[in-house]
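Undergrad: Model the full structure from these sequences, guided by the hints.
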Amino acid sequence: MTKSTRVFSIFSLILLAILLVSLFYLQVIRGEYYQQVAESNIFRIRRVFATRGEIYDNKYRPIVQNIPSHDLYLTTNKIGDLNALARFLFLHLQIEEKELMEIVQKQRFKTYEEILIADNIDYEKVLSLSEYLNYYPELTFRIGSTRDYLYPNHFSGYVGRINEEEYEKYYREDYSLNGYIGKTGLERYYEVLLRGKDGKEIVQVDSRGRSLGFFSQEEGYLKALNGLSLVLTIDNDLQNFCDKVFPSHLKGALVVSDIRTGGILAYVSKPDYDPNIFMQRISPEVWKELNHKNKPMLDRVIHATYPPGSVFKPLTAGCGMEKGLVNRNTRFSSCGGGFKYGNRYFKCWLHSGHGITNVIQALTQSCDVFFYELSLKLSLDEFKDYAVRSGFYGKTGIDLPNERRGFFPDTEWYKKKYGPSIGISGHKVNLSIGQGEILTSPIQMNAYYAALANKGQWIQPHLLKQTVGRSRLTASEVQPLKKMKLPLSDKDMALILEGLYSVCNAPNGTARVVQVPGAKTFGKTGSAENSMGKTTHAWFCGHIETDKPEIAVTVFMENAGGGGSIAAPVAKQVFDYYIGNIEDIKRTVAIPAQFRTAEDEEEALDEEFIPFDESEIEESLSEEEGEE
Amino acid sequence: MINRKKFDFVLLGLLILLILIGCIAIYSASTTVVSGFKGTQNYWWRQIIFAMVALVGLMLVLWLPMPIFDILILPAFIANILALIMVLFTPAVSGAHRWFSIGGIHFQPSESAKLLSILVIARNISRDGYSDYRKMFNGFAIMLIPIILIMIQPDIGTILVFFVSLIAMLVAADVPLFYILLILSPAISVVASIHWLGIVLWLVFLIGILILSRLSWVTITVAGIGNAFVSLVMPVLWMGLKDYQQNRILTFLDPTRDPLGAGYQIIQSKIAIGNGSIFGKGWLGGTQKNMNFLPEHHTDFIFSTIGEEFGFFGSIILLGVFAFFFARMIRAASELKVLERKVATSGIFAYLISQSFINIGMNIGLVPATGIPLPFISYGGSNLLFNTLSVAVVLKYMNERGFMK
Numbered sequence: 005m006t007k008s009t010r011v012f013s014i015f016s017l018i019l020l021a022i023l024l025v026s027l028f029y030l031q032v033i034r035g036e037y038y039q040q041v042a043e044s045n046i047f048r049i050r051r052v053f054a055t056r057g058e059i060y061d062n063k064y065r066p067i068v069q070n071i072p073s074h075d076l077y078l079t080t081n082k083i084g085d086l087n088a089l090a091r092f093l094f095l096h097l098q099i100e101e102k103e104l105m106e107i108v109q110k111q112r113f114k115t116y117e118e119i120l121i122a123d124n125i126d127y128e129k130v131l132s133l134s135e136y137l138n139y140y141p142e143l144t145f146r147i148g149s150t151r152d153y154l155y156p157n158h159f160s161g162y163v164g165r166i167n168e169e170e171y172e173k174y175y176r177e178d179y180s181l182n183g184y185i186g187k188t189g190l191e192r193y194y195e196v197l198l199r200g201k202d203g204k205e206i207v208q209v210d211s212r213g214r215s216l217g218f219f220s221q222e223e224g225y226l227k228a229l230n231g232l233s234l235v236l237t238i239d240n241d242l243q244n245f246c247d248k249v250f251p252s253h254l255k256g257a258l259v260v261s262d263i264r265t266g267g268i269l270a271y272v273s274k275p276d277y278d279p280n281i282f283m284q285r286i287s288p289e290v291w292k293e294l295n296h297k298n299k300p301m302l303d304r305v306i307h308a309t310y311p312p313g314s315v316f317k318p319l320t321a322g323c324g325m326e327k328g329l330v331n332r333n334t335r336f337s338s339c340g341g342g343f344k345y346g347n348r349y350f351k352c353w354l355h356s357g358h359g360i361t362n363v364i365q366a367l368t369q370s371c372d373v374f375f376y377e378l379s380l381k382l383s384l385d386e387f388k389d390y391a392v393r394s395g396f397y398g399k400t401g402i403d404l405p406n407e408r409r410g411f412f413p414d415t416e417w418y419k420k421k422y423g424p425s426i427g428i429s430g431h432k433v434n435l436s437i438g439q440g441e442i443l444t445s446p447i448q449m450n451a452y453y454a455a456l457a458n459k460g461q462w463i464q465p466h467l468l469k470q471t472v473g474r475s476r477l478t479a480s481e482v483q484p485l486k487k488m489k490l491p492l493s494d495k496d497m498a499l500i501l502e503g504l505y506s507v508c509n510a511p512n513g514t515a516r517v518v519q520v521p522g523a524k525t526f527g528k529t530g531s532a533e534n535s536m537g538k539t540t541h542a543w544f545c546g547h548i549e550t551d552k553p554e555i556a557v558t559v560f561m562e563n564a565g566g567g568g569s570i571a572a573p574v575a576k577q578v579f580d581y582y583i584g585n586i587e588d589i590k591r592t593v594a595i596p597a598q599f600r601t602a603e604d605e606e607e608a609l610d611e612e613f614i615p616f617d618e619s620e621i622e623e624s625l626s627e628e629e630g631e632e
Numbered sequence: 013m014i015n016r017k018k019f020d021f022v023l024l025g026l027l028i029l030l031i032l033i034g035c036i037a038i039y040s041a042s043t044t045v046v047s048g049f050k051g052t053q054n055y056w057w058r059q060i061i062f063a064m065v066a067l068v069g070l071m072l073v074l075w076l077p078m079p080i081f082d083i084l085i086l087p088a089f090i091a092n093i094l095a096l097i098m099v100l101f102t103p104a105v106s107g108a109h110r111w112f113s114i115g116g117i118h119f120q121p122s123e124s125a126k127l128l129s130i131l132v133i134a135r136n137i138s139r140d141g142y143s144d145y146r147k148m149f150n151g152f153a154i155m156l157i158p159i160i161l162i163m164i165q166p167d168i169g170t171i172l173v174f175f176v177s178l179i180a181m182l183v184a185a186d187v188p189l190f191y192i193l194l195i196l197s198p199a200i201s202v203v204a205s206i207h208w209l210g211i212v213l214w215l216v217f218l219i220g221i222l223i224l225s226r227l228s229w230v231t232i233t234v235a236g237i238g239n240a241f242v243s244l245v246m247p248v249l250w251m252g253l254k255d256y257q258q259n260r261i262l263t264f265l266d267p268t269r270d271p272l273g274a275g276y277q278i279i280q281s282k283i284a285i286g287n288g289s290i291f292g293k294g295w296l297g298g299t300q301k302n303m304n305f306l307p308e309h310h311t312d313f314i315f316s317t318i319g320e321e322f323g324f325f326g327s328i329i330l331l332g333v334f335a336f337f338f339a340r341m342i343r344a345a346s347e348l349k350v351l352e353r354k355v356a357t358s359g360i361f362a363y364l365i366s367q368s369f370i371n372i373g374m375n376i377g378l379v380p381a382t383g384i385p386l387p388f389i390s391y392g393g394s395n396l397l398f399n400t401l402s403v404a405v406v407l408k409y410m411n412e413r414g415f416m417k
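Quick mapping for you: the protein sequence lines, in order, are chains A and B.
So the first sequence is numbered by the numbering used here: it starts at 5 and just counts up by one.
So the second sequence is numbered by the numbering used here: it starts at 13 and just counts up by one.
There could be a bad hint or two in this list.
Straight-line C-alpha distance at most 30 Å; calculated BS3-like pairs for lysine-lysine [stated by the list, open to error]:
| # | chain 1 | residue 1 | chain 2 | residue 2 |
| --- | --- | --- | --- | --- |
| 1 | A | LYS495 | A | LYS459 |
| 2 | A | LYS204 | B | LYS254 |
| 3 | B | LYS254 | A | LYS201 |
| 4 | A | LYS7 | B | LYS349 |
| 5 | A | LYS590 | A | LYS486 |
| 6 | B | LYS254 | A | LYS7 |
| 7 | B | LYS408 | A | LYS7 |
| 8 | B | LYS293 | A | LYS82 |
Bear in mind the hints are in silico, worked out from the structure with no lab data behind them.
Being a predicted model, the structure only gives us computed values, none of them experimental.
TA: Right, here's the structure in full:
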């Protein structure tokens, strides 16, 4: 036997002996103990659900709250009579047998885990079902939490049970099949912030309360971290007013934003729906209502795009100014109610015509011919490039999921669509007044008009102001806000604003109804022809200034008529309400006690502290408390 | 291609037996029966396909003429090192850069690196006229290349296995045992530094052995001072670590400190094995696998299924097969007369036995959880392939022995 053979043999024998002794101890000496543990299945991890963050308006008034709910759980390995259970669940909770079988089959590797099979059950139903539960030990009621949406809206979105697809995608992020996930709106967009982190707890106590003692109690416990609550830029009062003021029989959108911050103050899309209906099993009637031809689920602020019509004209004017084609004194041929180009005749909306106008008058009266003629001097691709730089075409980047892109055609697009020999000028004439293939969403319009009012500074529209709770983050800390400068010189901008002012204030302005005592109003109306119906879409976009720019308002109404007669009066009411309640809307509110952090408290105490003597500190602390 | 008189049929038979036991265990580990529903995931037949591929690979190694086999080792090693570098630039899979994915087949270059470095080191340190120092130095230097590359990918278990193999090869290459002790001494110093008495006893023991081995006074002084330094510096380093860093190391050594993570798995594994008791629950009769306690009960924790279903007797039989298998490997190492082949066989032996011990030890809570699978038993293609190929190399050496000398 060589030396290495000896060493290897001894080495192997030692390892073998160690394993044999350990296995003998584990399986023979302690075997009975482990058999008991295994049979009673007491050792396992239980999830402690984190509380989802709530959603508040900018004065900490609730928009979305948590409320307790009654949930029914199933543990598959305790099922006695599967058929009886299926009948019971179908009778009382309308759960189909097929559905139940699927759950049982899917959970076959987790037979000791509780599965949520029905959530948010009415309390009366809970009471009536409770007496049957003795026959079904596999069922357990537990108190959970569900969401309460305080008013119908399109921005909050709603949560729902995580479905299989989502679970496949996100299970690595520690989602439970029993858990909820944000499905749309802010609930979806800020899922990561709202959700928090579930805790875990080791269950190692048998039915008689004896601990298995594998771990100490505090070792086997991981505290749940609650989600962050969101404070929005929305103002509940203004939101409520806008909701009421929007004519109930019309479809459309109303957006109010704070010009200096880009924060959205009111966000209305009509018709709307109550997100609370998604917190329960949806009945067929409700489902039918949601799929009504008016599309109440459609968020018309960001999920739909429309031809903008005349509200697009400031952009056409701006483009002309940038190219040096338009200044205060530029005049084109006289408007006689239309414009002949080639063998086509483009009508102005006013049959009698506007005569010769400069850019300010053209905006004031919304003369189409001025812009038709300007468009012939612009190249289509430069025009598109200008629109892109002004925040149209793409997405604004608002903090909501699935925003729809705007659209602006270019030469290439026309060639692809109509063949290489297409004449583009006719399309250009249409585009100059916001008709034709161009599509924008109300949010894009609002962001553009807010930027005009804000010295050309375009700010990404957003709903989140800050988070409260475990950590306090501002909107730009969560996600940097995109900002850009509109392609307009100060002089040109002043010219356009003069036009917008005159729209609302000149005797022949199309929006002369929009005048508010004590403030200056600016705006532009639009009546966009469209393929959805004979009646035009009514638009109004504008802003109001006191000593400085305040809010930008965008009103959009599907197939409602003229912008000046239908949309502008609604905007006036919003301006009136704002100026009438300006003190109340702009007041700042102290952060509520439950969101104050230790640092906030410390700040208040800071100056009192001279930490020399511990007893002194305690004294000063107790004094503080006494004062409070 | 097989020489009937020299070929080790017993070793091959044991290898196939182990793979079969693995397939049976994997079948059970991926099957559950719940209120009438029986479900099996398709791991077991995939493992059978892997086994077929591995056995074809084994035949290829046996079929390859010896001179060509010898020539191929070095280029293959270099190509493997390049692959290890390239894998660092692939997208991470569950936090680690370990796999190449080509057409749905995952290849882990660190698996082949183990076998190839053993062969390269064996060749290098078996050269005539190398001093003991030279052997140790070269062995470490070569091993360091793949180790550094594997270190960048977090895989501590693999490094440990590498290290054990190197020690075994040095022993086989007739490096005196006190040198081995010298190599291991810093690691032992680290362990001893837990208590001052440990340090004192260890240093006395070390210096005593070195004096008895009649090493030069220079060596003894350097070793003594070096080790004393290591033992004294360790506590300082330890205190210098942040709390969470200390916690990570402590949790690695004692997983029960992390009841919601690794500790939970190990306790569940212990419950399963203990539940098997003396005779086991019978094939497919295990209940603990249903509890979803381990995502890996067909890979790293396959032994817990075997322990639960076949009990202490089953465990003894499996350990017996392994013991017999390793005894055959030791025999092979002693029969081989060409030093390079003897050293390589020793390295392969150490590489397989250390993996087996670490894995079973992890299942019964003796050693830290490192993600080392049980050779020939755990589910996994590249692991099974390269373990089988390493046995193929030993079989080939045995088959060809007497050819050269």
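Undergrad: Taking the hints in turn, state whether each one holds.
TA: The hints, checked one at a time:
1. Proximity of LYS495(A) to LYS459(A) is assessed by CA-CA distance (about 11 Å); at most 30 Å being required, the pair is judged to hold.
2. With a CA separation close to 25 Å, the supplied pair LYS204(A) and LYS254(B) stays within the 30 Å bound.
3. Distance hint between LYS254(B) and LYS201(A) is fulfilled; the C-alpha atoms sit about 24 Å from each other, no more than 30 Å.
4. Using a Cα cut-off of 30 Å, the hinted pair LYS7(A) and LYS349(B) holds, with the two alpha carbons roughly 14 Å apart.
5. Proximity of LYS590(A) to LYS486(A) is assessed by CA-CA distance (about 24 Å); at most 30 Å being required, the pair is judged to hold.
6. For the suggested pair LYS254(B) and LYS7(A), the alpha carbons sit about 45 Å apart, so the restraint of at most 30 Å is broken.
7. Using a Cα cut-off of 30 Å, the hinted pair LYS408(B) and LYS7(A) holds, with the two alpha carbons roughly 24 Å apart.
8. Pair hint LYS293(B) plus LYS82(A) holds up; C-alpha atoms about 21 Å apart against a cutoff of 30 Å.
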